[in-house]
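Q: If you want the building blocks of each chain, they are given just below.
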Amino acid sequence: MLVKRASDIRSSEISDKTTYLSRRQFLAAAGVLMAGSVAGESVVSAQRQAPRGRKLEPVQKSAFSTPEKPNTWQQITTYNNFYEFGVDKTDASTYAKSLKTSPWSIAMEGEVAKPAVWTLEDVLKGMTLEERIYRHRCVEGWSMVIPWVGFPLRDLLTRLQPTSRAGFVEFTTLNDPAQMPGVRNPYLRWPYTEGLRLDEAMHPLTILAVGLYDEVLPNQDGAPVRLVVPWKYGFKSVKSVVKIRLAAQQPVGSWQRAAPQEYGFYANVNPTVDHPRWSQAREVRLPGLFKNRPTEMFNGYGDQVASLYSGMDLRRNY
Amino acid sequence: MSDRALRFVLKPAVFVASLGPVGWLVWAALTNHLSVNPLSDITNETGVWTLRFVCITLAITPLRRVTGWNAAIRFRRMTGLFAFFYGTLHFLTYVIADRFAGLDFPDGFIAWSTARNLAKSVSEDIYKRPFITIGFTAWLTMLPLALTSTSGMIRRLGGRRWNLLHRLIYATGIAGVVHYWWLVKADISRPRTYAVVVGVLLAFRIIRARLRAVPVRAPVRSVRLQ
Numbered sequence: 001m002l003v004k005r006a007s008d009i010r011s012s013e014i015s016d017k018t019t020y021l022s023r024r025q026f027l028a029a030a031g032v033l034m035a036g037s038v039a040g041e042s043v044v045s046a047q048r049q050a051p052r053g054r055k056l057e058p059v060q061k062s063a064f065s066t067p068e069k070p071n072t073w074q075q076i077t078t079y080n081n082f083y084e085f086g087v088d089k090t091d092a093s094t095y096a097k098s099l100k101t102s103p104w105s106i107a108m109e110g111e112v113a114k115p116a117v118w119t120l121e122d123v124l125k126g127m128t129l130e131e132r133i134y135r136h137r138c139v140e141g142w143s144m145v146i147p148w149v150g151f152p153l154r155d156l157l158t159r160l161q162p163t164s165r166a167g168f169v170e171f172t173t174l175n176d177p178a179q180m181p182g183v184r185n186p187y188l189r190w191p192y193t194e195g196l197r198l199d200e201a202m203h204p205l206t207i208l209a210v211g212l213y214d215e216v217l218p219n220q221d222g223a224p225v226r227l228v229v230p231w232k233y234g235f236k237s238v239k240s241v242v243k244i245r246l247a248a249q250q251p252v253g254s255w256q257r258a259a260p261q262e263y264g265f266y267a268n269v270n271p272t273v274d275h276p277r278w279s280q281a282r283e284v285r286l287p288g289l290f291k292n293r294p295t296e297m298f299n300g301y302g303d304q305v306a307s308l309y310s311g312m313d314l315r316r317n318y
Numbered sequence: 001m002s003d004r005a006l007r008f009v010l011k012p013a014v015f016v017a018s019l020g021p022v023g024w025l026v027w028a029a030l031t032n033h034l035s036v037n038p039l040s041d042i043t044n045e046t047g048v049w050t051l052r053f054v055c056i057t058l059a060i061t062p063l064r065r066v067t068g069w070n071a072a073i074r075f076r077r078m079t080g081l082f083a084f085f086y087g088t089l090h091f092l093t094y095v096i097a098d099r100f101a102g103l104d105f106p107d108g109f110i111a112w113s114t115a116r117n118l119a120k121s122v123s124e125d126i127y128k129r130p131f132i133t134i135g136f137t138a139w140l141t142m143l144p145l146a147l148t149s150t151s152g153m154i155r156r157l158g159g160r161r162w163n164l165l166h167r168l169i170y171a172t173g174i175a176g177v178v179h180y181w182w183l184v185k186a187d188i189s190r191p192r193t194y195a196v197v198v199g200v201l202l203a204f205r206i207i208r209a210r211l212r213a214v215p216v217r218a219p220v221r222s223v224r225l226q
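For the record, the sequence lines run as chains C and L.
Letter by letter, the first sequence follows residues 1 to 318 of the numbering used here.
Letter by letter, the second sequence follows residues 1 to 226 of the numbering used here.
The set of hints was computed from the structure by calculation and includes no laboratory data.
Wrong hints could be hidden among the right ones.
Restraint ranges, calculated between C-beta atoms of paired labels, are given here [unchecked claim]:
| hint | chain 1 | residue 1 | chain 2 | residue 2 | range |
| --- | --- | --- | --- | --- | --- |
| 1 | L | D107 | C | K61 | 42 to 50 Å |
| 2 | C | A281 | L | T193 | 26 to 34 Å |
| 3 | L | P12 | C | N185 | 52 to 60 Å |
| 4 | L | L30 | C | N185 | 34 to 42 Å |
| 5 | L | P106 | C | D155 | 47 to 55 Å |
| 6 | C | A258 | L | D107 | 44 to 52 Å |
| 7 | L | V16 | C | L289 | 25 to 33 Å |
| 8 | L | T148 | C | A281 | 35 to 43 Å |
| 9 | L | P106 | C | A63 | 32 to 40 Å |
| 10 | L | D107 | C | N185 | 46 to 54 Å |
| 11 | C | D155 | L | V200 | 38 to 46 Å |
| 12 | C | S98 | L | S123 | 43 to 51 Å |
To give an idea of the chain C side of the interface with chain L (calculated C-beta under 8 Å), a few residues [claimed, not checked]:
| hint | residue |
| --- | --- |
| 13 | Q75 |
| 14 | Y79 |
| 15 | W142 |
| 16 | P287 |
| 17 | F290 |
| 18 | G300 |
Simulated coverage check for chain C against chain L, where a stretch passes if three residues somewhere in it have a Cβ under 8 Å from a Cβ of chain L [what the hints assert, rightly or not]:
| hint | segment |
| --- | --- |
| 19 | 183-191 |
| 20 | 272-282 |
| 21 | 304-312 |
We put the CB at the ideal spot given by N, CA and C, even for glycine.
Using the sequences and the hints given, assemble the complete structure.
A: Listed below in structure tokens is the structure:
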């Protein structure tokens with residue numbers, strides 16, 4: 001992977017002029033709003049989008065990408081659930097600036113041939129980066145379309161050589177109170193963890209993302225490296241991964257532990273299995289005003305992944 | 001404060017200020033200042049302001065008792081009606097953006113079938129989901145209070161019966177807090193704050209009623225709050 005320095009990039013490469021100008025207008029407006037905003041719990045605060053990052057290249061196109069129109073950079077970087085920085089959607093864009101993403105290393109543990117700690121550069125060595133434009137469905141009932149850049153998780157897992165006992169993969173997010181104000185509150189048990197079955201993790205749709213819109217992943221979206229599993233609710237896609245553990249036993253995820261009757265291990269997008277408190281039959285595609293979009297089974301990836309669950313009762317294994 | 005100042009300055013000022021949240025929402029929606037999820041912004045703002053106005057309304061009697069400022073009572077109808085106003089906006093947001101938006105329209109938007117399907121969709125959801133049931137209950141308890149808020153209705157019902165009826169707002173406060181509590185995914189700190197506020201305001205009434213019910217004895221008399 002080549003990472004160009006920011007100074008190598010002409011602004012025309014980053015965005016066309018209208019986008020650029022509208023962004024400037026937006027920032028000016030955000031300034032006005034900030035000055036006038038009231039301190040309050042749900043008052044929509046000024047949105048701070050991430051500064052544009054370094055360009056990633058080369059990035060290949062992928063047949064797995066949806067032709068749907070992706071959400072804008074601004075939308076994807078100002079509306080984030082990243083509880084390590086706070087529970088409000090704008091907390092990540094406000095506080096994630098403090099996250100230090102370089103150097104970054106990932107511990108590879110458990111049922112693998114050679115447990116080791118790899119730097120992100122080690123992980124990326126020899127990997128081909130692909131753009132994967134995926135639908136993203138949050139368990140809360142909203143969705144976006146996001147142009148991730150990453151590589152199939154299976155390419156990494158294969159290199160790790162899982163042992164014959166490995167049946168599951170557990171991912172862990174960084175847990176650093178010095179950088180992440182949210183982890184001082186115990187509303188979830190930190191660090192944040194989530195797990196996949198090994199065959200789910202090896203599925204070609206499952207990626208580790210390091211970029212957005214062909215640029216380095218912004219902090220609020222889970223920099224420098226995050227999981228993306230597009231047929232599952234967003235909370236399964238762990239951000240800022242520091243540990244990947246191959247396991248013989250099915251791991252328990254953070255949300256599953258917090259509310260097992262509401263969040264299961266599988267968390268596949270499923271319009272026929274409601275959240276106990278709200279329906280999952282429809283979603284609002286952001287930025288929309290109406291919850292009128294029918295939610296698709298496996299978030300529309302059923303052709304690729306339904307066979308993973310054949311014979312399973314998805315009502316029980318939610 | 002003079003009666004004139006109250007009537008012509010303070011009350012209109014409170015009225016205009018109470019329109020602030022909805023004014024801000026309309027402005028932000030028209031000028032693109034809502035977040036990427038405008039539906040959730042509108043839902044949250046109208047919901048939270050309903051609960052705030054319920055709390056303000058519940059605080060008026062304790063405020064009178066504690067401070068002796070009896071003119072506070074003259075704001076109670078207004079704040080109560082604003083609670084109903086924001087609660088109705090909140091409910092309508094749900095009915096339109098969540099229920100209406102999910103309907104099929106076999107005979108076009110304006111048709112009897114649309115009204116029927118909408119009524120069915122809303123009532124089924126209220127029946128099925130405790131979170132919606134309790135929220136609807138909170139709104140429903142405000143409805144008779146809003147309808148009987150006029151001076152004419154107070155006269156017609158008589159003060160005693162009117163007062164009894166309007167104790168329904170205690171139920172509004174409790175149902176509203178439970179609704180908020182059941183909404184959050186993990187961090188209960190905000191609903192808990194409202195639970196404490198509503199709890200204190202209701203406890204004030206219970207304690208006061210107890211104290212007044214105790215046979216008159218000197219030690220009790222000395223701690224009466226009036």
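Q: Indicate, hint by hint, whether the structure satisfies it.
A: Do the hints match the structure? See the list:
1. L:D107 to C:K61: 42 to 50 Å: Holds, at about 44 Å.
2. C:A281 to L:T193: 26 to 34 Å: 32 Å, holds
3. L:P12 to C:N185: 52 to 60 Å: 42 Å, violated
4. L:L30 to C:N185: 34 to 42 Å: With Cβ atoms ~36 Å apart, the hint holds.
5. L:P106 to C:D155: 47 to 55 Å: 50 Å, holds
6. C:A258 to L:D107: 44 to 52 Å: Holds, since A258 (chain C) and D107 (chain L) (Cβ atoms, about 45 Å apart) stay within the stated range.
7. L:V16 to C:L289: 25 to 33 Å: Holds - the Cβ-Cβ distance for V16 (chain L) and L289 (chain C), about 27 Å, lies within 25 to 33 Å.
8. L:T148 to C:A281: 35 to 43 Å: 38 Å, holds
9. L:P106 to C:A63: 32 to 40 Å: 38 Å, holds
10. L:D107 to C:N185: 46 to 54 Å: Distance hint for D107 (chain L), N185 (chain C) holds at roughly 51 Å.
11. C:D155 to L:V200: 38 to 46 Å: 58 Å, violated
12. C:S98 to L:S123: 43 to 51 Å: At 49 Å between Cβs, range holds.
13. Q75: 5 Å, holds
14. Y79: 4 Å, holds
15. W142: 6 Å, holds
16. P287: At 5 Å from the nearest chain L Cβ, P287 (chain C) passes the 8 Å test, so the hint holds.
17. F290: Nearest chain L Cβ about 4 Å off; hint holds.
18. G300: 18 Å, violated
19. 183-191: holds (count 3)
20. 272-282: holds (count 5)
21. 304-312: Since 0 is below three, the answer is violated.
The structure does not agree with the numbered hints 3, 11, 18 and 21 stated previously, though it agrees with the rest.
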